[in-house]
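Asks: What follows is each chain in one-letter form.
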Amino acid sequence: MRARHAAGAALLAAVAALTGCGSAPEPPDRPTAVVFTSPPLPAGAELLDTAAPVPPGSEQSCDDHTASLRPNGVTSGPTLDAIRRRGRLIVGLDTGSNLFSFRDPTTGRVVGFDADIAREIAADLLGDPELIEFRTLSSGDREQALQDHTVDLVAKTMTITCERKEKVAFSTVYLRADQRVLAMKDSGIGGIADLAGKRVCVVRGTTSLDRIRREQPAATVLTVPSWADCLVVLQQRQVDAVSADDAILAGLAAQDPYTQVVGDSISAEPYGIGIPRDADDLVRFVNRTLERLRADGTWTRLYNRWLSVLGPAPTPPAATYED
Amino acid sequence: MTRAGGGAGAWAGAEAGSDEENRVATPGGTAKTGAGARPGPGAGSSPTAAGTHRGAPWPGKQSAAARERRAGHRAAAAAALRERFAPDNVRAFAKSSPGLLIAVGLLLIVLCVSAAVVTSGAVGDRQHALDVLLAETEPDAHSAHRLYTSMSIADAAAATAFISGGLEPQTVRERYLRAVGEASAELVVGAADNDTDIRLRTGIATGLPLYTGLVETARADNRSGYPVGAAYLSEASNQMQSTLLPMAEELEHQRSAAVEQATRSHVRPPWTAIVLLLVALAALAWVQTMLARRWRRMLNPGLLAASAAMLLLLGWTVIGGSISAAAMIDGRDQGTVPGSRLVESRILTHQARTAETLKLARRDATGDYDRVFDDAIARITDLLDGYPRDAPATGAVVDADDALARWLASHQRMNDALDRGDYTGAAEVATGSGPSESAAAVDALDAALDDALAQTRAHQRDNTWRSARALDFLAPGALVLGLLAVGGVCAGLWPRLREYR
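Protein chains in written order, with the working numbering: chain Z, 1 to 323; chain F, 1 to 501.
Hint data in this document are derived by calculation from the structure and do not stem from the laboratory.
Accuracy of the hints is not assured; some may be wrong.
Stated by the list, open to error - Residues on chain Z that point at chain F, a partial pick, calculated with CB under 10 Å:
hint, residue
1, P40
2, R103
3, D104
4, I132
5, S226
6, V232
7, V233
8, Q236
Model, not experiment: these values are computed from the prediction.
All residues carry an ideal CB built from backbone N, CA and C; glycine is no exception.
Please build the complete structure, drawing on both the sequences and the hints.
Replies: Written as C-alpha cells, this is what we have:
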C-alpha cells in the first residue's frame with residue numbers, strides 16, 4: 001500500500017515536471033508606488049532634528065518687557081522725516097496669516113488686523129492709509145529686516161520678548177494672544193499633553209517653536225515658512241496638529257470646519273509692532289497712533305471686523321511705558 | 001582507402017621532399033620532390049609529373065600500410081588526414097605553383113569578401129542608426145523639450161492666474177489646461193527604453209497628477225475666499241520648480257546627449273571599410289603583377305574585373321560616405337549646435353519668467369528672484385548674441401532679440417513700480433494683457449525661439465535624412481560587388497590552376 005502511494009507520488013511529480021507545472025518566472029521590475037503616493041511638502045518645510053538642543057528653559061528676564069516709549073506729541077524726527085520724504089511706509093508682514101495679514105483671494109489686496117493697524121499708522125504719518133508698501137517677511141527674518149532697515153516696521157503677530165528687545169524696539173502691546181493647539185476634530189488631541197509622539201507644525205523663528213519644544217519635547221516638529229503652510233500640511237495629513245497663538249489658529253480653523261482649537265493656554269503672547277532699535281521717534285509715533293486706536297474705538301472696530309471668531313471684543317490692552 | 005590515397009596524392013607528394021625524404025622509396029615520390037622544390041612554368045605544369053604522382057602509394061608508409069590492412073582501414077585514414085594537414089606538408093605545398101595559386105586565390109577571395117562585408121555592414125549599420133535617429137532619438141529629444149516647456153507654461157499660467165487676483169481670466173485658465181494636457185501627452189509619446197529615462201518619466205508622470213491636484217485645491221480655496229489657496233499654489237509651484245522641471249530638464253539633456261552622440265559617430269566617412277577596400281585593391285594589383293612576371297601573361301581579365309568591382313565599390317563608398325558625412329556635419333553645425341543654444345535660451349526664458357512672477361506673487365524682499373532673473377537674462381543675451389550668423393533661423397533670432405529687449409524694458413517698469421510701492425501697477429505691467437507689457441514680450445520671445453528651434457530642427461532632420469539616403473543601396477551593392485570580385489578572382493585564377501592538372 002505504502003509502496004503504491006510512493007509510486008503514485010513519483011508519477012505525479014514526473015507528470016508535473018514534464019507538463020511544466022510549477023512557478024512562473026519572476027515578473028519584471030515595476031517602479032514601486034511607495035515613493036510617489038505622498039503629496040509634496042510646502043516650500044522650505046523641514047523636519048526639526050529632535051537631537052538638536054532644546055532652547056534654554058528660562059527666558060531672559062528684563063524689567064517689564066512690554067513697556068515702551070511714551071508718546072510725547074512730537075511728530076517729526078530723523079526716521080519720520082525719512083519716511084515722509086520717501087512718501088510711503090514700508091511694512092514687513094507675511095501674506096499667509098489669515099485674519100492678521102493675508103492676501104484677499106477676491107481682490108488681491110493684503111488685508112487683516114495687522115495690515116489695518118499698519119494702515120492706521122500710515123494714515124497718521126502720511127495722511128493716507130494707502131501710502132504703504134507691504135513686503136513679505138518670513139517669521140525668522142523679522143528681526144534681521146528691522147536691523148537692516150529693509151522695512152520701517154514689522155506688523156506680523158510679533159511677540160514682545162526680552163530676547164528680541166536686545167535687537168529691536170517694540171511699540172506698546174496692541175493685542176494679547178495665547179498659544180494653543182489646532183487639531184482635526186476626530187484626532188482625539190485635546191491639548192499639548194496629547195502631542196507626545198505626534199507630529200506638530202510650527203513656523204520657524206516664532207516663540208511658539210521654542211515653547212512647544214520646551215513644553216512637549218516628545219513631539220516631532222515640522223517647521224514651515226508661514227502659518228498657511230501649517231494648514232496645508234494638516235489638511236494633507238502630514239502633521240497631527242498645529243501649535244500657534246489662538247488668534248492665528250482661529251484664522252486657520254476658519255478655513256477648515258473639520259479642525260478645532262483645543263487645550264488651555266500654553267503661554268501668554270503680547271503682540272507689539274517691531275521697530276528698528278535706533279528709531280525712538282518712530283516708536284513714540286506708533287505708540288501715539290495706538291493710543292488713538294484704543295481711545296477712539298478704532299481698535300474695537302478692527303477687532304470686531306477681523307477677530308470676532310475669538311469672541312466679543314475685549315478692552316484694548318493697556319499701554320505701559322518705561323518712562 | 002586507395003581512392004582516398006590517390007586523391008590526396010598531390011599533397012603527399014609535396015610532403016615527400018621534406019623530413020621523410022630518406023625513407024622515401026618510390027620513384028614517384030622522388031620525382032615529385034624535384035618538381036615541388038623548384039616551382040616554375042615548365043616543371044610545374046609537366047603532365048608526366050602529375051601523372052606519376054597520381055598513382056603513387058602513400059610515401060614512407062608502406063610498412064605501416066601493410067600492418068593497417070591487417071588491422072583495418074580506419075586508423076590509416078585518420079593518419080593520412082593528419083599527415084596531409086601537418087604544417088610542414090602545407091608549407092611545402094604552398095611553395096608549389098598550384099599551391100601558391102590557390103593560396104593567393106584564397107587570400108584575394110578573403111580580402112574581397114571581408115572588404116565587401118565590412119563595407120556593407122558599416123554602411124548598413126550607419127544607415128540604420130541614422131534612420132533610428134530620425135524616427136526615434138531626435139523626436140524623443142524634441143518631445144522632452146516640449147514636455148519641459150509645457151510644464152513650465154502650465155506653472156506660469158497658474159501663477160499668473162493667482163497674481164491677477166479675483167477670478168482668473170478665461171485665457172489664462174485655458175492656457176494652463178492646454179499646457180497640462182500637452183505635458184501628459186508628451187509623457188506617453190516619447191518613450192526611450194533605458195533606466196534613467198524610465199526613472200525620470202515615472203517621476204514626472206506620478207508627480208504631475210499631484211501637482212494638478214494642488215493647483216485645483218488652490219483654485220477651490222480661492223473661490224471659497226480662503227487665503228490658504230495661496231499656500232497650496234506655492235506648494236504646487238515649489239513642487240514643479242524643484243522636482244518636476246529639474247527632472248524634465250534632465251530628461252531633455254539625456255535625450256539631447258543621445259542625439260549628439262548618434263550624430264557625432266557618423267560625421268566621419270567609414271574609414272575601416274575604405275582601408276579594407278584599399279588593401280583588397282592593393283592585393284589584386286600585386287597578384288596581377290606577380291602573375292605577369294611568372295607566367296608572362298600581361299592581362300588577366302578575371303582579376304581585372306575583380307579589381308574593377310572593388311574600385312567601383314571603393315569609389316561608391318568614398319563618394320557616398322563623404323556626402324553622407326558632409327550632410328551630418330552640416331546638420332550638426334547648422335542644426336544641432338545652434339538648436340541647443342535655442343533650447344537653453346528657451347528654458348532660461350521660462351525660468352526668468354517664473355522668477356519674475358514669483359517675485360510679485362510672494363512680494364519677495366530678499367532679492368533672490370532678482371538674482372535668478374538677472375543671471376538667466378545675462379545667459380540668454382550671451383546665447384542669442386553668439387548665435388552663428390550663417391545658421392538657419394537668424395531672422396527668428398533677431399525677432400527673439402527684439403522681444404527680449406521689450407521684455408527687459410517692461411521688467412524695468414515693473415521694478416520701478418515696485419520701488420514706488422505700487423504693487424498693483426507692477427502686477428499690471430507683469431501680467432497685463434497690453435501689447436507693451438511683460439506677458440506679451442515673453443510670449444513673443446517664446447514664439448520666436450520656438451520658430452527658430454523649428455527651423456534648426458528641420459535643418460538637422462533634413463541633413464540626417466540626406467545623410468542616410470546618400471548611403472542608399474550601398475549596403476546590398478557592396479555585397480553584390482564583393483561577389484562579382486570573388487567571381488573575377490576565381491575566373492582569373494582557374495585557368496592558371498588548370499594548367500597543373
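Asks: Tell me, which hint numbers fail for this structure?
Replies: Of the numbered hints given earlier, the structure breaks none, since each of them holds.
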